[in-house]
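Trainee: Sequence:
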Amino acid sequence: MTNDSFTYRYGADLARKIEQKWQGFWADNNVFAAPNPVGDLKEPNSDQLSKPKRFVQDMFPYPSGAGLHVGHPLGYISTDVFARYSRHNGFNVLHTLGYDAFGLPAEQYAIQTGTHPRETTEKNIQNMERQLGQLGLGHDKRRAIRTIDTDYYRWTQWIFLTIYNSYFDEDEQKAKPVAELRKQLEGQYTEREIEDIIDSKRLVYRTKSLVNWCPGLGTVLANEEVTAEGRSERGNFPVFRKELSQWMMRITAYGDRLIDDLDLLDWPEKVKSMQRNWIGRSTGAEVDFTIGGEKVSVYTTRPDTLFGATYMVLSPEHPLVDRLTSGEPYESGTDSRWTFGANSPKEAVEQYRIKIAAKSDLERQENKEKTGVYLGVTATNPLSGVEIPVFISDYVLMGYGTGAIMAVPAHDTRDYEFATVFGLPIVQVLEGGNIAEEAFTGDGTHINSGFLDGLNKDDGIKAAIAKLEEDGTGHAQKQYKLRDWLFARQRYWGEPFPIVYDDEGRAHALPEEMLPVELPDVEDYKPVTADPNDRNSEPHPPLAKATDWVNVTLDLGDGPKHYRRDTNVMPQWAGSSWYQLRYIDPTNEEKFVDLENERYWTGPQSDKDCGGVDLYVGGVEHAVLHLLYSRFWHKVLFDLGYVTSCEPYRKLFNQGYIQAYAYTDSRGVYVPAAEVEEKDGKFFYQGEEVNQEYGKMGKSLKNAVSPDQVCEDYGADTLRLYEMSMGPLDMSRPWATKDVIGSHRFLQRVWRLAVDEGTGNPVFSENSLTEDDEKQLHRTIAGVRDDYEHLRINTVVAKLIEFTNHLTKAYPAGAPRAALEPLAIMLSPIAPHIAEELWSRLGHDGGITYAAFPEFDESQLVDDSVELPVQVNGKVRAHITVAVDAAKDVVLEAARAAAASNIEGKTVVKEIVVPGRLVNLVVK
1 MTNDSFTYRY GADLARKIEQ KWQGFWADNN VFAAPNPVGD LKEPNSDQLS
51 KPKRFVQDMF PYPSGAGLHV GHPLGYISTD VFARYSRHNG FNVLHTLGYD
101 AFGLPAEQYA IQTGTHPRET TEKNIQNMER QLGQLGLGHD KRRAIRTIDT
151 DYYRWTQWIF LTIYNSYFDE DEQKAKPVAE LRKQLEGQYT EREIEDIIDS
201 KRLVYRTKSL VNWCPGLGTV LANEEVTAEG RSERGNFPVF RKELSQWMMR
251 ITAYGDRLID DLDLLDWPEK VKSMQRNWIG RSTGAEVDFT IGGEKVSVYT
301 TRPDTLFGAT YMVLSPEHPL VDRLTSGEPY ESGTDSRWTF GANSPKEAVE
351 QYRIKIAAKS DLERQENKEK TGVYLGVTAT NPLSGVEIPV FISDYVLMGY
401 GTGAIMAVPA HDTRDYEFAT VFGLPIVQVL EGGNIAEEAF TGDGTHINSG
451 FLDGLNKDDG IKAAIAKLEE DGTGHAQKQY KLRDWLFARQ RYWGEPFPIV
501 YDDEGRAHAL PEEMLPVELP DVEDYKPVTA DPNDRNSEPH PPLAKATDWV
551 NVTLDLGDGP KHYRRDTNVM PQWAGSSWYQ LRYIDPTNEE KFVDLENERY
601 WTGPQSDKDC GGVDLYVGGV EHAVLHLLYS RFWHKVLFDL GYVTSCEPYR
651 KLFNQGYIQA YAYTDSRGVY VPAAEVEEKD GKFFYQGEEV NQEYGKMGKS
701 LKNAVSPDQV CEDYGADTLR LYEMSMGPLD MSRPWATKDV IGSHRFLQRV
751 WRLAVDEGTG NPVFSENSLT EDDEKQLHRT IAGVRDDYEH LRINTVVAKL
801 IEFTNHLTKA YPAGAPRAAL EPLAIMLSPI APHIAEELWS RLGHDGGITY
851 AAFPEFDESQ LVDDSVELPV QVNGKVRAHI TVAVDAAKDV VLEAARAAAA
901 SNIEGKTVVK EIVVPGRLVN LVVK
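So for the sequence shown, full-length UniProt numbering puts the first residue at 1; every next one is plus one.
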């Protein structure tokens, strides 16, 4: 409004002016610059180094072209609140934000438009920085990083080479340089043999492995990019399981430590359970069956049930399958259910593999329809000596265990289903259940099991393993569901591998001085695609087209030679697996992080502390893969002495989501939620009734609300306050634009306590606080302190509203300075701009950021008196105020007096006093 009487009213216009003023002040004065002990970032604010530290971090955002909606800043605002609160409490706080900027969306856009992914990505980053910038987030912008910058991915490549040049010492259970392994081997083997042994033990290695090959996209996909129907999430093309030579990281070597060290972490138990389940550690036995002279190993957690193994199943991709199958016809009399309608095992296997090629691992495991093929051979059961038929079936995966199982149908549901379909024997070896109807999966005494008969589960397992080890047909074994990390993508927009191949195809690591290997420009970003249904097609990555880049002459120590660069790129997980370490030392050109700086920010604080970032906030969708990969990289770097912390993230907090109503018309098409009108409990879009549903906010549901619009209408502090007040931070909550005004009105009430809306003059007083004021203030401080520390930010807002309402009622013309100063500091983490302005108007220079958080007086938290309801026959008839420690007879005397009119002429037969709660007089 232009009317002068509203010039100083806290509305959107004034809010924006205040926000721009203080954001400029913060930038000009490097207010959020956290100093390092050594290096380029020691100044300014080096005096902060004498204080305790806190490292607060958000999960790496991807710069989407769609921009932000109001759900995105939820986590960023919450970490900013905690970081600002920590500064008020005397901490040196490292808080910054970078961008995880490699990824498939920018590449797909490049394929469609010809625009270089870097151009698109940088444009998206600029827009995201603009949107986040208006929120007043207190980031140390000197530390911001982008994974696409060469001075960042140089170090990603360096870490890759460091892991590549390491092996896992089984005896010491830690990574060591392969140079140490070389010393042990020298003199015992030829140089070529030494290289082969080293390559077989590296933590990064190449191997033929089953991958998700999508001919329609021309690339290999990660499991998370494949739907349960075995199709690509992007484009909905068929995906086939194909064996390719790929880079792998030996994360399985760290299976025990990745599980055991979860006990060191302050993480949600749900996330720990998800990681434990993903790693899937189990203890059992590896058992050797014999098939025509070939040894086939099977892993089982129940070797005690071997006498019930009536058939064996191999994964269709098991390397032994092709050696075992022949083109000779099946023996006459072979059950037709076993042959897949083919004449020979070889023909049956080929047909079966084609049939299941498009199935995802999940679909194969969960498929209730059991299918398979008999290989025409039998295996010898090592305990019973019985010959059992050997099948392949899609419910057995090459990626888990050994790719082969001993099937015990009486005691496993999937084996029971298969045996029932194929008419195979079902032999009960554990007492209990009714195997005529279903598998018995409980525990019972062993039966039909020879020397195991009469034993319980634990004794049976021990006895079975002892017998296997005595006979040399098996041994105790620990197993994991976790598979080694497939670390290559046939894409363009990613980090190039610092690896070259000689003319014999042997891989060579580039020396550090040749880093970074920069991503070359190519004219066409599109992988060579094929017929979407051609499972036999081969990958041709975009980088293969950059022939001048691929073919190079290098001197790697033995003279100039021709080499070929790797044309794959690293997965997007690479850059996000170590970024917290680069936040610490982003300008260091000599090391990825200086050890002294790392020790200061993430080093252990005690003997039992694992170290790591003090608070890591992000969505639970990253509970497994990102966190598992990051932990693995960090542990390798710890083993090699590059970091002092053995875990990257000491404390993890998963924020919920902001959700919103969406609306569909009669066709099921989403319509713009902002244009829907409600009438008499029904919803209409352009006159047509639409259906309301509730879900995640986003572009596809047309229910996204832009933070730009909220900031325009109310100011950034209102947006911050509203998002923090909506509910517990770890819970999802519904967005309601109409409710934003409530947060804005609260800030207006705070403003009026100090500033005259008409003149802008101060209205606060220098009066002392009353006894009631003091109690209200100190209780607010105590509650707010505890809530901030435990990220209960919604209840912080509730307590500040309650205190503000008290002041507004007690001081309608302006509150005392003694109440406003602590209120401004308590409000500052959530609504920093208005808090800064109030602090300045209260006469303080230098900003509010480092003002000491108010302390509370314990004595003010205890009431001298208490108000009690007085009931007569259970109904409240009066209230009394008595001393907290008043004797029972004093309380009753006051109660009788207060309820005199209700008990007059009646007999009091019982008097009940619940201390601090109520008085009840029972009368007749």
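It is worth saying that the hints were derived from the structure and are not from the lab.
Just so we're clear, the structure is a prediction, and the values are computed from it rather than from any experiment.
Among these hints, one or two may not hold up.
Simulated pairs of lysine-lysine, DSSO-like, Cα-Cα distance not exceeding 27 Å [unchecked claim]:
1. LYS176 to LYS141
2. LYS21 to LYS208
3. LYS176 to LYS21
4. LYS888 to LYS174
5. LYS910 to LYS888
6. LYS651 to LYS702
7. LYS242 to LYS174
Label pairs and their in silico Cβ distance ranges [to be verified]:
8. ASN691 to GLY133: 34 to 40 Å
9. PRO672 to LYS42: 47 to 53 Å
10. LYS875 to ASP756: 45 to 51 Å
Note that the Cβ used here is the ideal one computed from N, Cα and C, for glycine as well.
Trainee: Flag every earlier hint the structure violates by its number, smallest first.
Mentor: 1, 2, 3, 4, 6, 7
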